[in-house]
Amino acid sequence: MQNDNVKLKNLTIKKFHQGLLNKEFSATEITESFFDSIEEKDNPSANSKQGIGAYLRLTKNLALSQAKEVDIAITQGKNLGILAGVPLAIKDNILIEGQPATAASKNLENYQAAYDATVIKKLKSVGAVILGKTNLDEFAMGSSTENSAFQITRNPNDLERVPGGSSGGSAAAVAADMAIAALGSDTGGSIRQPANFCGVVGLKPTYGAVSRYGLIAMASSLDQIGPIAKTVEDTEILFNAIRGKDPMDSTSVESNPKSKIQNKFQIPNSIIGLPEEYFIEGLVEETSKAINGVIENLKNQGFKFKKISLPHTKYALSSYYIIMPAEASANLARYDGIRYAQLKNLKTERLKDIYFKQRSQGFGTEVKRRIILGTFVLSSGYYDSYYLKAQKVRRLIKDDFDKAFKEVDVILTPVSSTPAFKIGEKTDNPLKMYLSDIFTIPVNLAGLPAISIPVKKYQVSSIKYQGELPIGFQLIGKPFQETDILEIGKSYEKSYNS
Amino acid sequence: MGIIDKKILEYLAELGRIELAESEKSKLLKDLQEILNHFQELEKLETSNIEPMSGGTSQQNIFRADEAKEEKNEKLIESFPEKENSFLKIPPVFE
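Chains as they are written, first to last, in the working numbering: chain A, 1 to 498; chain B, 1 to 95.
Incorrect hints may appear among the rest.
Unchecked claim - Under the rule of at most 30 Å between Cα atoms (straight-line distance), these lysine-lysine pairs were calculated in the BS3-like manner:
1) A/426 with B/7
2) B/44 with A/306
3) B/25 with A/368
4) A/368 with A/422
5) B/75 with A/60
6) A/106 with B/25
7) A/406 with A/392
8) A/124 with B/72
9) A/426 with B/44
10) A/106 with B/27
11) A/122 with B/75
12) A/352 with B/6
13) A/122 with A/78
14) A/403 with A/314
15) A/368 with B/30
16) A/68 with B/75
17) A/121 with B/69
18) A/245 with B/75
19) B/30 with A/106
20) A/121 with B/72
21) B/6 with A/357
22) B/69 with A/245
23) A/122 with B/69
24) B/27 with A/314
25) B/72 with A/106
26) B/75 with A/124
27) B/30 with A/352
28) A/357 with B/89
29) B/89 with A/368
30) B/44 with A/432
31) B/44 with A/307
32) B/27 with A/352
33) A/357 with B/30
34) B/25 with A/432
35) B/44 with A/314
36) A/432 with B/27
37) B/25 with A/352
38) B/44 with A/392
39) A/368 with B/7
40) B/30 with A/432
In case anyone wonders, no lab produced these hints; they're calculated from the structure.
Bound-form chain B, shown alone (with noise of 0.2 Å):
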């Protein structure tokens, strides 16, 4: 199980598009070290046959009929920060 460094933590930071300061690296650093040594435990659990548990209590699947339904949505569209008729505006995407 693993070690995380600045690497990684930068890497994991660019993945979450989260932007840490140099002063808050340091201190994440040793958060999460200290976290995941306590997960060391779970390595002797021996658990080659069971079977994961992905969901709370009901794991059904459930369906509804493929209906398209009307739905007004001028709330969201109001709460664009910049609009252009009924369009979201942003920055460009390419570089």
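Pulled out of the complex, with its shape left as it was, chain A reads as follows (with noise of 0.2 Å):
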């Protein structure tokens, strides 16, 4: 066990795919390594500590056919994409088909996907392998991935403390050694956030880049499914493989741009942005003492910085807590409660029953909260002073950043103004839990790709924050220059490592 857990520790893509060919194990032996460090780490019964919950449900016959299959290639002799026999943790509002997704709802607890996610159609076809699906907060809707209807997801640094959300549950996996890599999904911060709650790396990719067939949807102008991977690379490598043209998503588009940005040796006066309207009063000491850390670190390697003015950030969240709702409350209709569910014996007189009791009792506090408002800001009356408004300030917020773009190649910002804070902190009041956003919201409104990176060799200590707990940078980029982002992200983790 202790063994198992050592190897799994710091065990990349790269590193996996060397140790499979060069044939230091096996595929099955790794998933199987996989599945006992979950039963150790993840499970609340396993030892006298609590478990991390971060899965909701293990694929365990699925991954080891999977895995099996790539073992026999290779005594076959066969050619080895660089994610085969990789062990994955896929969000569950992304469908695997055959397998139940819920998105930590109960209104979906008895769903079984009829179809595969296309992300997930192309993770199967290079070899991947899936260990399960991991918690959420429900229907995404939440900052903590407390908001799941089934268990809370602790953060595996702090168990006291969130994970962050709403992929809550595939941030903590990779984080815990439970996962090589995950997917999430991001609306307003939710793979950024728990990224950077958990200390691993996240990739919201631009609006388009990857599809959107398959993810359960929440807000469909805002949606993106990304990595989620313990290094720059490793997510690079996953955004790699889901990304593309989808003829079933006809928002996705085909992209693969070069990027500017070259490495250290060769950096052509690439310039990051620093907007001061990120730089606020809000910003805990420890958060700015490891940015600031950051851009010392990035400018010895050569970038320059410049400073920008981001003026309607500010209004961001206000705008996206007008639009999400309004859309969310329109994609969670679907849901009455006979579609995608079983009826639990309801004898009602008219159809119409059905829907308000299954819809009451299968949602819940903070998705009812957003269906009421995203229903309040749409109705008539109201339409032309919320959700028109917000629409207006959204093209707003995008005009800023198209301006600065035209200054700067790459925008450096925190994550979040404070690291991981405990479970149940927040949940009493939904407009303190939705300022959590601040910083990544922004970036959804505008469509732009972003990275949440965590800050190198930073110790969190304070008497509020006891312990060592991770802070993420953000680095955010021009449309569909999701390679700009990854190259300084490696450049700055190539700089510990050498």
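Two chains, each in its own frame: build the complex with the hints.
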């Protein structure tokens, strides 16, 4: 068991691939090691200590059959892609055919996916192994994974703290070596914020870079599926495997632009922008220090910095919390208690009664809140002052970024103002919870790519945050220029490995 | 911009096909009012000449050939809670 933990601890996609090719281990062995790791760390009943609770469900039969196929291919001397045999965790709002997909909601407790999401089809075709489905805030609505109808997930760095949300399960699984990498989804920060809280890397691709077919829809003009991994390089590998135009998602776009930003010895005047609106008083000292350390590191590598302004930043939260619930209220209208669900012997006189009963019993408080809010901002008499207004503000926010990107190549910001907060700390006040996403939300409104990268060797040691809590920084890129932010991220990582 | 009261809340719940218990209503009203108060800051922005942004990055319409595709739907029919032949069975719609 101890050997297994050591073996899994620094296992990246590349290292795993090398190990497979060099016959140091088989895909089946590593898959089984991960299941052992999950049993030891994830389940509350396994030990006297609290379990992490990252996984809602394991897909052991699927995983072992996938691993076996890879092992057979190896013995037959077949060529293997880099993701062959790599054990992944998948957020439970992404569909895998024949497997339950609950979106952490009672309304989908018994729903079995009838098809594979496009990203899953792509991963299956390259031989990746799927370990299980991870926990999330119900219907991806939340910033802490506390809104799951089934269980909470604990931050592996401090079990009293949240892993972030809504992709908290995926981020925790990767951080605790219960998967090599994972898929999450990001609508207002739901990949980047948990990656930031758990100390792993999380990428939200440009809107349209990755197909949303098979992602349980929350807000269709904002949602994106993206990778979570331990390193920027792994994140890039997983991103390249899932990206691409898909006829089943008419908003998806084919793209593969070359990066302008080269490595350390060829940096041609790459300029990183620092938006003054993100470096505000609300940042706790630990976050400021961490970000300043990153800036110093990148300066030493030759990157230039420029102060910029994104003047409408503070209005992003309002714009988002009008647009997103509006779209979500429409997307969740389909959960009528008949589709996707088993009726629980409901004897009603009219069809309409089923809707009221099932929806009310099946949805949690936050989901109901957002459906009501969304319905309000779209209703007659309020549409213009809320929804239309929010869409205009969205345009202003996007224009801010477009202007800034004429002067800089990439933008650097914090991911959140504080490290992970305690479980239960913000559940009483929804607005307080929403405010934890102020640095991530504008990116979704503008449709830009952004990555959260853990700050290296940083110890948060103050009275408030005892012990070592991860802090990350965010890089925002131009549309479809994921390569730019990935290259800078890899450059930053390399500087700590040399 | 709006005040949300109990009557409006009940109307919205009706529209959203959600049954709210009495105990849920007062906390929900308080939360929603606090959120709506936050939204008031948007009134400060001059947006009369701004084009609303409705979508994500690529805002072009996409078409495909107008051809019917053969689709298998056994899995979907199997998942109907109640059925008759290949039809979904539900309680009466009319009052």
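Checked hints:
no., hint, in the structure
1, A/426 with B/7, "28 Å, holds"
2, B/44 with A/306, "29 Å, holds"
3, B/25 with A/368, "11 Å, holds"
4, A/368 with A/422, "24 Å, holds"
5, B/75 with A/60, "23 Å, holds"
6, A/106 with B/25, "21 Å, holds"
7, A/406 with A/392, "22 Å, holds"
8, A/124 with B/72, "22 Å, holds"
9, A/426 with B/44, "29 Å, holds"
10, A/106 with B/27, "22 Å, holds"
11, A/122 with B/75, "22 Å, holds"
12, A/352 with B/6, "22 Å, holds"
13, A/122 with A/78, "19 Å, holds"
14, A/403 with A/314, "17 Å, holds"
15, A/368 with B/30, "14 Å, holds"
16, A/68 with B/75, "27 Å, holds"
17, A/121 with B/69, "20 Å, holds"
18, A/245 with B/75, "26 Å, holds"
19, B/30 with A/106, "25 Å, holds"
20, A/121 with B/72, "18 Å, holds"
21, B/6 with A/357, "20 Å, holds"
22, B/69 with A/245, "20 Å, holds"
23, A/122 with B/69, "22 Å, holds"
24, B/27 with A/314, "27 Å, holds"
25, B/72 with A/106, "28 Å, holds"
26, B/75 with A/124, "21 Å, holds"
27, B/30 with A/352, "28 Å, holds"
28, A/357 with B/89, "18 Å, holds"
29, B/89 with A/368, "27 Å, holds"
30, B/44 with A/432, "22 Å, holds"
31, B/44 with A/307, "26 Å, holds"
32, B/27 with A/352, "26 Å, holds"
33, A/357 with B/30, "24 Å, holds"
34, B/25 with A/432, "20 Å, holds"
35, B/44 with A/314, "12 Å, holds"
36, A/432 with B/27, "15 Å, holds"
37, B/25 with A/352, "21 Å, holds"
38, B/44 with A/392, "13 Å, holds"
39, A/368 with B/7, "17 Å, holds"
40, B/30 with A/432, "14 Å, holds"
Violated hints: none; the structure is consistent with every hint.
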